[in-house]
Structures are given as C-alpha cells and as structure tokens.
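Student: Residues per chain are reported as follows:
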Amino acid sequence: MGGFILRRSLLAIPVVIGAISILFVLFFMIPGDPVTLISGGGGAREVNEQTRANIEAKYGLDDPWFVQYKDYWGRTLSGDLGVSYKSNQSVNDIVKQTVAASGRLAFWAILIEVFIGIGAGILSAVRRYSFLDGLTTISTAAVSAIPVFVLGYLLQRVFGVIPAKNGWPEWATFPVQGIGPDTWVLGVIPTGDQWKYLVLPAITLASVSTAIVARLTRTTMLEVTRADYMRTALAKGLRERSVIFRHGLRNAMIPVVTLIGIDFATLFGSAILTETVFNWPGMGSELASALGSRDVPIVLGLTLVIVLIYVFINLLVDLSYAWFDPRIRSTIAEDS
Amino acid sequence: MKPSDSPPGDEGYAPGSVGDLGYGANRLDSELSDGAAYGLAETAAVATPTVSLKADVWRRFRRNKLAMLGLSFIVLLVLMAIFAPLIAPYDPLKIDTTQLRKPPSSDHWFGTDTVGRDVFSRIVYGARVSLWVGIAAGTIATVVGVIFGALAGFYGGWLDTVLMRFTDVLLAFPYLVLALAIIAVIGSGVTSVILVTGFLGWLAIARVLRSSFLQIKQMEYIDAARAVGCSNTRIMMRHMLPNAVQPVIVYATLFVGSAVLSEAALSFLGVGVQEPTPAWGLMINQGRKFIAVAPHMLFFPGAAIFLMVVAFVFVGDGLRDALDPKMK
Amino acid sequence: MTDLPATGHELLLHVDDLKVQFDTDDGVVRAVDGVSFQIHRGDVFSIVGESGSGKSVSVMSLLGLLPSPPSRVAGGRALWKGEDLLTMSSDQLRRIRGKEIAMIFQDPMTALNPVHTIGRQIGEVARIHDGLSKSQARRRAIEVLDLVGIPQAASRVDNFPHEFSGGMRQRVMIAMAIVCEPDLLIADEPTTALDVTVQAQVLDVLLEIQQRIRSALLLITHDLGVVAGTADRVLVMYAGRPVEQGSTDETFYVPCHPYTRGLLGSLPRLDDKRGGQLHPIAGHPPSLLHPPSGCSFHPRCPIALVPGVCATDDPALRPAPEGDGSHVVACHRADEADVIAAVGRTA
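Respectively, the protein sequence lines represent chains A, B and C.
Residue numbers for the first sequence follow the working numbering, so the first one is 1 and each next one is one higher.
Residue numbers for the second sequence follow the working numbering, so the first one is 1001 and each next one is one higher.
Residue numbers for the third sequence follow the working numbering, so the first one is 2001 and each next one is one higher.
Simulated from the structure, these hints should not be mistaken for lab results.
Even for Gly, the Cβ is constructed at its ideal location relative to N, Cα and C.
Certain hints may be false.
[Stated by the list, open to error] Not the full set, but computed from the structure, chain B residues with beta-carbon under 8 Å of chain A:
1. V1078
2. A1081
3. D1168
4. P1174
5. Y1175
6. A1184
[To be verified] To spell it out: a stretch of chain C is covered by chain A in this simulated footprint if at least three of its residues, at any positions, have a beta carbon under 8 Å from a beta carbon of chain A; those stretches are:
7. 2084 to 2097
8. 2165 to 2171
[Claimed, not checked] Chain C is nowhere near these chain A residues, computed Cβ spacing over 10 Å in every case:
9. S9
10. D63
11. G103
12. T232
13. L238
14. T258
15. L319
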C-alpha cells in the first residue's frame, strides 16, 4: 500500500512539469509579440518604450527559447508569479488574497455534493419507485442540466431580489453579492451572518455535481443489488438490509468516487462562473476579470496555481480509490 | 418422422456439442447467474429474429419517449436556426431607444433588452451561433479524436505513450481554466470558442476510441484478418473502426451539448461571442445588472440554454441505452 | 410422484411438483414445470440439463434467491425437515440459509465480494448463525480454508478474492458453504467456470468435504462426466420438466428417454472411429414462453409420434420397463424397448 502511494505520487510529477511547460509554450512562444500580451496590450493600444524595455529585460525576450524556458522555471520555482499590469500588485499577493475565499466556498460545495448527493442517491435506490425516488429523479435531471450561471441568477432572484423587493422577513432574505463579513472559525465555519452570504453561492456551485452524484449513486446501488455477490450474501443468511449496506454500499461507491474525482474539473470551472455571478472574491472571479482586462500576468499566475491545486486534489482522490477498491492496490492504476 | 437438420452455424447453435447439452457458440453462461434471465435468455435467443444494427438501435431509440422529445427539440432548434430570418419578427440588431428593457408584451413576446432590441428575435438568431459552435467544435473534436485515438490504440508502443502522456498533461488542467488561458492568448470571438472547445474535446474522444481499439485489438477476428493478409489500414478502417465507434457516437452527441454549454459560459464571461451578435450566453451577461428590474432579459436566454442542454442529455442517454446490448 | 425405496437415512428434502414461473413483458415463462425429488442425509443427488432446462431455477427457488418479481412459485411444495421452504417466513428461511442449507455458486469471481477479504466473508457466516466473535470467526475461517486445501491458510485469510486463482476461489466458495456444517450442500455448476484441469481437483475437494461433514450434496450441472463420477442418483430435466430420474448407474447404462440417450450418444468417446462424425441432437432448444404442445421434446425427438400422442399429451413419469422401480421416465414410448434402443448410438 505504501508502495502504491509512492508510485502514484511520483507519477504526478511529470504531469506537473508538462503542465507548467505547456503554459510556457502558450504564453511565451505562441503569441507574436509577448510584450504586448504581458503588458496588457493586444488591440490598438501601443506599448510605451519604457514598459517595453522593462518587460524585455525582465523576461529576457530576446534570448533563445531554451534560455527563456530556463528562466521561466527559475521564476516559477522561486515563487515569483509576476506583477499585474493593471494594478501593479504582485500576483503572489493576489493569490494570497483570493485563495481563502475560493477554498471556503469549494469546501462547502464539496460537502453538499458528497453528503446530500450520495445520501439522496442511496435513499432513492432503497426506496425505489416511491414518491421520494420520483422526486429525486426529476429534480436531479433538471438541476444537472441547468447551467451554473443561470441557476445562480435564478437563486438570486428567488431568494434575494424578490424577498428584498417585497419586504419579506429577515430570515428569508439572502444577500446576493459579495462575501459579507468574511468571518470564519476554524478556517471554514462561517460565523454570524457569514453563513447567509455563503448559502446561495455554495448551493449554486454544488448543484450540478450534487445532481449527477445522486443519479450515479442511485444507478450503482441498483446495479449492485443485482450483483452475484449480493445473492451469495443472501444465501448465507444475511438480512436484506445488511446485505445492501455491508456488501453493496462500498462496491457502489467505487464508481461514485471516480465520478467525484473527474467532476473536480467541472467544479473548478463552475467556481469561476459562480464567483462571477455572486461577486465572491475568489480566484475564479479574479481570473475572469483579469481576462476581461487582458491582464496576462494574473491569468498566467492564477492558472498555474489552480493547476497545481487541481493535480494535488486528483492525487488525493486517486489514492482514496485504493481504499475503496482493493483490486487497485495490486497494480499501478493506469488507464487501460 | 425425419428430424430436421439444423442449419450449420445458424444463430450460433450447435446442439449436442461436446460436454455441452445444447448451446454451442451462443454461450449464455453470463446470464445464467442472473435468476431473472433464465427464462428470458432462452426466449430472446429463440424468439427474436436478427435485425441490422442501425435499424435495431433506431427502433430502441424510438421507444424512449424522453429521447424522442429531446430529438424533436433539437430538430426544432435546427429549423429555427435555419429559418431565423423568417421566424424572427424583428431585426435582432436593431436598436430602439424608445423601448428600453420593456417586459414581455404582445409587441415583443420576450420583451426588449437594454438597448431596445427584441429579445425573442435575438433568441431565435442566437440558436444559430449555438448550433454552429456545437456542430463545428463537435466535428473537429470527433475527427481529430478518432484519428489520434485510432493511431494510439492500433500502433501502441511509443506513439501511444507519447499521445497518452500529452493528453494526461492537458487533462491536468480544469477544462474552463485552460480554455480561458488559451483565449487570453489567442483572443476572444466565435472562432476562438470553436477552436478551444474542439481542441479540448478531442482529448476525451481520443481516449474513448483508444480504449475501444485496445479491447478490439485483442479479439481473434483481428488476428484472423491479419492472417488473411489485410493491410494495417484496412484492418483499422474496416474491422476495428466500425466496432469501436459505438461509444464515440454517444460521446460525440453529448459533446455537442457540452460544446454549446461551453460557448454559453464563455460568452457569459465576455470572451466568447462578441457584441452585437446575438448569443444566449452573452445575453445573460448583459442581463446581469438588471436582475432586479428586468429579469426577463435573463430568464429567456437562460431557459433556452437549459432546454437545449436537457434535449442533448436526453438524446445522449437514449442513444446510450439504445446501443447497450445488455438492456432489453 | 414416485416412491423411493427406504435408504435407511433421514429424509431431508422433499420437493413435490415444484412449479416456478417468470412474468415477463412477452408473457409467462414456465421455467420449472412440475419437478419432484427427494434427498436423504448423505445422498449425492444430481440434476442434469442444458442451459434453460430449469435446473438452476428450481434450486434457487428453494432458498428464495430468485428475484421476485418477476419470478413466482406457481405450485408445489419443498419440505425441508417437514417444513415448506416455499411458504415459510423470511426470517425462518434466513435462519436456514447458510446454516442448514448452503449454496455454492457457479462463478466464484462474481459471487465473492471484491472489496472484502475472504476471511471476513467466510467468518460472516459463523458470526451471524453461531454468534462467533470476530477473532473466533477468523480462526474458524482459517480452519475451513485448511480443510478445502488452501495452502498457507493463516496468511491467505486476509487476501482479497482477486488474489486467488479460479480453482482456489471455488475452494473458497466451498469453504464458505461448510462453515456451519450444513445438512445440505447445493452446488450450482461448481466446475463450469473452471479450466478442465482444475475441475477434477475441485470436484474431489467437494466430495471429500461432503463426506467428511456428512452432509447431502445436490449437484447441478450440464456436464455428464461430472455426474457419472459423483452422484448416486440423477434427475434429467428438459424445458423445465423432468424427463428421466433414477440411480446414476441405471440411468446412464440403460437410459430410457430419447433425450437422455441423445445426450449420452452425443459425447465423443475414446473408442470412436477416426474420421467418424459427432451425433448431436437435432433441432433447437424450445422456447419456454411458448413451449411445444404435448411432450416438450417431441420436435427434436427421432421417435416422436407426430401426429399422435407425443404431440398432444404431456407424458407423465412412469417406472422404466426394466430396473428397480426407482428409475422413472417421461416418455409415451418408453415401453417399446426396441424402438428406444435404436435412439442415439448403440453402445
């Protein structure tokens, strides 16, 4: 098992190297004039001489590509992500300011996804054809199809705008913009009014993922009930409930965990959209606005950080498969 | 009374073959373990005539009401896109400063937007952009994906490793993040959206096809084809591809749906379709500020996107069920 | 209904005219249509038939393991030590499963839970029926693994199913079945999923175990070779109905039903002439949805009286012309010894 963990972790390294290199190719080799790009030009704007000289000096743009590549790695490994063209703030600072907000939102969204998603799926499967099952099936189908940004506005309107307009009571009205007081305990638990600001964005971010997790859980639980080993367990004299939960559940979770892992990619994307809709000051909305102002250093820097986080999360998920599915422990899990 | 001779190889029966009291090639052992299939397996094997694959798939698809509903909606969208000039009552680009942000009325069924343009007309024309992006990106992704997947799966070896490592690295990026990074470099606009979506889409299709190829490569009929002297290309094209393409079809259909969704998201973020072209995602972006006073600007494009995604999901699910040999 | 001679052993299972049906979208499938047999303590009884003959269905219905819907017991009784398995409460049935009647399934790869160690799966039986603690159950699991011939049982008890070869996995299944020393072991095609070389080993283990714990063995198979070597009595099924039943010796040496004769005749033999042909049974297995009228074998039967009684009347089980009376056969022409003798190959 320990060997498996090591092997898996080592496999992540070339991927990271590759990803960072691709960003290099993307930002420094492809554009015709990197200077314009980095200085936020691109369009009719002219770059003034001084800025051009500074940028060329810093990034060594006259050097051959392999020297640039080496310098790029040097900068990256020393943690220097550059400076925003627009605000002259160091990108590192921007990252520090925004990562916490994104992290908290993501944390709660994932909790919702896992517990409500899996729970609803199990309930649905166990009480098949009941009203609850029908309700879950329809609502998950609907929710999984609503684009995140549409859902965000829908929730804003129903829970924020309409109550405010019509003078509904305090407890039924939710704020629709911003992060609020930004008060947290233990890093992730909202205190005071904070939770009110958290609710709508978290639900929005979690929505699509929760719906597909619920659907898949239901499907796998139903599949698992037809598996041969379930019949064997019955034949041994186990109660039906024991059979479902002790034998079926863990097997059913295997594909679900896989899905949750794959779904992280969409979660990151949805986070960008959700943060934009709710003006939640995280990395996502920062990335979106940097895009709008073509502030390339921020885009590049944030992308880099996001990729690293993503690879790390994937690694953790991969390792967790091994706990769920002992068959994985014996082999290096490669796609076949 | 003469016993009838069973036609050799017909439906795979070889009655009384060695040690096996009835079924020869038609091994139903996998179904033997599922109690419910005992009677069914025999019934199916004896009672169902063989039908061509396409007809069979279409027949099963047709029975799925949701899938047919989805398909009808997509057809409707396509017609709407093609005949937009005939359907839209107003010019979608026409600005009318006297009719700013009017709610739905008999003049303007879906109301007007922030510069007085008719929302309904813009929605109708918006279908064009969405479908164009979806189909173009889908085609690029499928063609490129199939080529790469086939080459990787068929030749294996270093070609396979290189391609797979490459896709692994690209997949190390969350989809939207990479899309945005690329757009930051190549600029916004419809073409960018198509390129980015298509480019990121072929990865998954290549993987799916490669898995299929790897599986099929081990089947005996490939060895048989080679033993008979077929060239590599022939084997790939005529023997492997038709069999491997099934999951790709399902995936490609679902992909068109997600490509359209991507276009909506990118337009919403402001880097997709640009003003003044009507696009559903862009319309939502414009409607953001007015959520309190003119929600219709958000509602209709949102509903349009939602319905379209749902339609593709139904069709994709329906296709998958129709192609799945295990379902009856 | 046949009367069997007293064997002096306790009668454990008495199945009487069992009928099991499936309700499908296309109609009612008569999977088992009137099967009867008796099993005494220590017996080795075998049910033989093709896929679709109803052999597995009849046995699974005894323990209530068929998904219902769509399956349904449509008639008959199955008396286990006097009580009807088909009508008892699920709690009662649950207590019998694994403890008094244990089942060994066909495909050990899918029949074992891939995420639990085999020690846990084996020990589970002891824990629920005999109330053993975790450590006691583990020790029992090791004991039982040893009995079935798994080497290094003490360390392998913590392995997962995928870490065993096919033959070993089937032994694990056997081990799991004998934990509580049941009175009846039911083995559903225990060797079908295995390589030929391993089949013999597993069968040996099964028989040895059966004798050691003095349980009865009900063996379901389509492999005539397996039956000949192991069973005392055999029931041949076709299309859900019994066609011939009797001691293995008699049934195999003096088969009376055209189907049985066809089966035996279709097996290639060592003393066959080189270049000779195989003799399959002509025709296709019948549809259970719309079974043939009269005798269900008549469309394929070389001596069927068509038009005649074979196409209209379902033959009942009657004692075979020669034999000890326990040999029964369901054929209208069973008495015509010379006609029967011409079916299949002559010895």
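Student: For every hint, state whether the structure bears it out.
Tutor: Hints, one by one, checked against the model:
no., hint, in the structure
1, V1078, "violated, 19 Å"
2, A1081, "violated, 19 Å"
3, D1168, "holds, 6 Å"
4, P1174, "holds, 3 Å"
5, Y1175, "holds, 5 Å"
6, A1184, "holds, 5 Å"
7, 2084 to 2097, "holds (count 4)"
8, 2165 to 2171, "violated (count 0)"
9, S9, "holds, 23 Å"
10, D63, "holds, 54 Å"
11, G103, "holds, 32 Å"
12, T232, "violated, 5 Å"
13, L238, "violated, 6 Å"
14, T258, "holds, 14 Å"
15, L319, "holds, 16 Å"
The structure is inconsistent with the numbered hints 1, 2, 8, 12 and 13, although it conforms to all the rest.
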